[in-house]
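Asks: Dock chain B against the given chain A, drawing on the hints supplied.
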Amino acid sequence: MKSLCLKLCLVTVMIGLGLIHAVASDTTKVSGRKLQPDVDNGGLKLPTGFGAVTVVDSLARNRHLAVNSNGDIYVKLSRLKDGKGIIVLREKENGKASVVKSFGNYIGTGIAFKNGYLYASSDSNVYRYKLNESGEVMAPDAPETIVKGLVSKRQHETKSIALDNAGNIYVNIGAPSNSCQLQDRGKGSKGQDPCPILDSAGGIWQFKVDKMNQSYAEGVRYTTGTRNIVGLDWNNTVNELYAMQHGRDNLFQNWPELYDSVESAEMPAEEFLQVKKGSNFGWPYCYFDPFQKKKVLAPEYGGNKTTQGRCEKMDTPVIGFPGHWAPNALMFYTGTMFPEKYRNGAFIAFHGSWNRAPLKQKGYQVIFVPLKDGKPNGEWEVFADGFMGTPEISAPRDAQFRPCGLAQGKDGSLYISDSVKGRIWKIIYSGK
Amino acid sequence: MKKGIIISTLLLCVFYLLAQTKPKSTAQAGVDKASVERGKKIYNTYCLACHQADGSGVPGLNPPLIKTKWVLGDKKQLITVILKGMDELIEVDGEEYNNVMASHAFLKDQEVADVLTFVRNSFGNKAPGVTTGDVKSVRATVK
Chain A
0 MKSLCLKLCL
10 VTVMIGLGLI
20 HAVASDTTKV
30 SGRKLQPDVD
40 NGGLKLPTGF
50 GAVTVVDSLA
60 RNRHLAVNSN
70 GDIYVKLSRL
80 KDGKGIIVLR
90 EKENGKASVV
100 KSFGNYIGTG
110 IAFKNGYLYA
120 SSDSNVYRYK
130 LNESGEVMAP
140 DAPETIVKGL
150 VSKRQHETKS
160 IALDNAGNIY
170 VNIGAPSNSC
180 QLQDRGKGSK
190 GQDPCPILDS
200 AGGIWQFKVD
210 KMNQSYAEGV
220 RYTTGTRNIV
230 GLDWNNTVNE
240 LYAMQHGRDN
250 LFQNWPELYD
260 SVESAEMPAE
270 EFLQVKKGSN
280 FGWPYCYFDP
290 FQKKKVLAPE
300 YGGNKTTQGR
310 CEKMDTPVIG
320 FPGHWAPNAL
330 MFYTGTMFPE
340 KYRNGAFIAF
350 HGSWNRAPLK
360 QKGYQVIFVP
370 LKDGKPNGEW
380 EVFADGFMGT
390 PEISAPRDAQ
400 FRPCGLAQGK
410 DGSLYISDSV
420 KGRIWKIIYS
430 GK
Chain B
0 MKKGIIISTL
10 LLCVFYLLAQ
20 TKPKSTAQAG
30 VDKASVERGK
40 KIYNTYCLAC
50 HQADGSGVPG
60 LNPPLIKTKW
70 VLGDKKQLIT
80 VILKGMDELI
90 EVDGEEYNNV
100 MASHAFLKDQ
110 EVADVLTFVR
120 NSFGNKAPGV
130 TTGDVKSVRA
140 TVK
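If you read the protein sequences in the order shown, they are chains A and B. Each residue of the first sequence is one higher than the last, beginning at 0 in numbering that gives the first Met the number 0. Each residue of the second sequence is one higher than the last, beginning at 0 in numbering that gives the first Met the number 0.
Just so you know, the hints here were simulated from the structure itself, not pulled from any lab data. Just to be clear, a hint being listed does not mean it is correct.
Claimed, not checked - With the C-beta cut set under 7 Å, the calculated list includes, among others, these residues of chain A facing chain B: (1) 153; (2) 183; (3) 184; (4) 186; (5) 354; (6) 356; (7) 357.
Claimed, not checked - With a cut-off of at most 25 Å between alpha-carbon atoms, the simulated BS3-like pairs for lysine-lysine come out as follows: (8) 186(A) <-> 83(B); (9) 75(B) <-> 32(B); (10) 186(A) <-> 142(B); (11) 147(A) <-> 113(A); (12) 420(A) <-> 66(B); (13) 186(A) <-> 74(B); (14) 189(A) <-> 142(B); (15) 361(A) <-> 292(A); (16) 40(B) <-> 186(A); (17) 186(A) <-> 75(B); (18) 107(B) <-> 189(A); (19) 409(A) <-> 371(A); (20) 39(B) <-> 186(A); (21) 83(A) <-> 129(A); (22) 186(A) <-> 135(B).
As the structure is a prediction and not an experimental result, all values here were calculated from the model. Note that the Cβ used here is the ideal one computed from N, Cα and C, for glycine as well.
Bound-form chain A, shown alone:
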């Protein structure tokens, strides 16, 4: 019996080694100096001509990421790794990266480079780090605090950032609530009117990039009526801010006499917004119905699925995406590696749904929206898929990967970060 066990163990080990060998030889194939995608594209499904390199297999709890002028990849984390919240990766010639340093003793989401500085956010503050001439962060342990004391109450608490070309930084301040009810997420609970949350959250605030210790008093409430935004980016072709709004949850659970579970799974839309100074997108009073294609009054404020009331005046989205897909990153593509149709279009990383149950979960993908002058120029399409690791999932815990961040490489490639395992892919175009 003992020898039998040994034999079995040996066989298992040999099969295991064989598998490891097979995987290793697949992912390290380099032909000449040209970057080659992984044989399996790191598990992703991409349009013809595109390929993916697994830059790093399992880093940490990745959120957003940004690429420095020297090509280094900076990843912001939602959980500290070895006490640090920002990890810096450097790629080898074959596209595989290794960690070169880590710093920042805070978790968060936002990270961006602009004009000689690195900007990064915690869930309540925004910091900046000066870069030296070779693009390195000069004092990783001594950032300047440019914004502090923002609302962070454990719901929609992450702070995404975007920078314009006039010395401003935009910070989303998510509402710590689903729909501003007297009892948050309570069945049949009425909405507070006016909603007091909107004074300090549920919008995007504008701050100066070079002024220290700003808070609400020094900032400008740039836009209001957004429940939660994670994808946020500045569009340089039209010089405007764009954002991805996470629509409200629980229409059926809180208002079962008005909605069924299917309507609750499909509504409301996740909104792609062009954000202008003074925009009001209507949360919590209104939501965007993707089927009626209009803002309707929320049930918390007396809505009956069709009445508009005060919502008639609210700003509407550029596109209403399917409900609960959770758009976590927005990036305008300005590179030249990808074909012409991608230029100045938008990539959106959807983290994937949970509030669709009992229907199957959806939206674990990166999509592309062709744009011309900041307006849709054709239908949006799926760009990267396969993150779930299986064709269908019922519960979000079953997803192998969940796309969460997007960044453009120096060479015009597209980086995608995953929040589950910590994988990062580099998407390249070879035209074949």
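Replies: The following block gives chain B in isolation, referenced to the frame of chain A:
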């Protein structure tokens, strides 16, 4: 060696069968089956969207209900969560969960008992059911 192959094949079959077995009702002996059935309907209406059909929850937001101390432990604490809701960060199996759970005090004593009896005997859980008497006595203290 031949014997080895046979045994490995058998082992593989057993693993395959185990992997195929879906966690259905794991009701503990003596648990009121009718209560479990009624509780399932309550669960599907008010709990499933957040805690999911298989009780696995949502990473970072809504905690799983699979063999956790919250579900299998003190009934009084569990009933209190239903009646008062929960608005604090909790840790389950090393992961943090942040989302707000509203009070479900609108459920009748019988409904609370049924849904908790269902949860305590589903998703691989096995624990004594919750009775209306249990709920009644907790409700008297949380008002």
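Asks: Verify the proposed pairing of residue 189(A) with residue 142(B), using a straight-line Cα cut of 25 Å.
Replies: At roughly 21 Å apart (the allowed maximum being 25 Å), residue 142(B) and residue 189(A) satisfy the hint.
Asks: Can the restraint linking residue 409(A) and residue 371(A) be considered satisfied, given a maximum Cα separation of 25 Å?
Replies: Distance ~23 Å between residue 409(A) and residue 371(A) Cα, so the pair holds.
Asks: Taking only the CA atoms, is the gap from residue 186(A) to residue 135(B) under or equal to 25 Å?
Replies: 21 Å, holds
Asks: Does residue 184(A) pass the interface check with chain B, least Cβ-Cβ distance below 7 Å?
Replies: This hint holds: residue 184(A) lies near chain B, its Cβ roughly 4 Å from the closest one there, short of 7 Å.
Asks: Run the distance test for residue 107(B) versus residue 189(A): straight-line Cα separation, threshold 25 Å.
Replies: 21 Å, holds
Asks: Do the alpha carbons of residue 40(B) and residue 186(A) lie within 25 Å of each other, as the hint requires?
Replies: Measuring from Cα to Cα gives roughly 17 Å; hence the hint holds.
Asks: Just to be careful, I want the Cα atoms of residue 186(A) and residue 74(B) compared with a cutoff of 25 Å; is the pair within it?
Replies: Cα-Cα ~24 Å, so holds.
Asks: Hint check: is the beta carbon of residue 153(A) less than 7 Å from a beta carbon of chain B?
Replies: Holds. Min distance 5 Å.
Asks: With the threshold set at 25 Å, check whether the alpha-carbon distance from residue 186(A) to residue 83(B) stays at or below it.
Replies: 13 Å, holds
Asks: Given the hint that residue 83(A) pairs with residue 129(A), does the C-alpha gap stay at or below 25 Å?
Replies: Distance of about 18 Å is within 25 Å: holds.
Asks: Regarding the pair residue 186(A) and residue 142(B), is the alpha-carbon distance no greater than 25 Å?
Replies: It holds: about 18 Å lies between the C-alpha atoms, which stays within 25 Å.
Asks: Can the restraint linking residue 186(A) and residue 75(B) be considered satisfied, given a maximum Cα separation of 25 Å?
Replies: 23 Å, holds
The earlier numbered hints are all upheld by this structure, with none contradicted.
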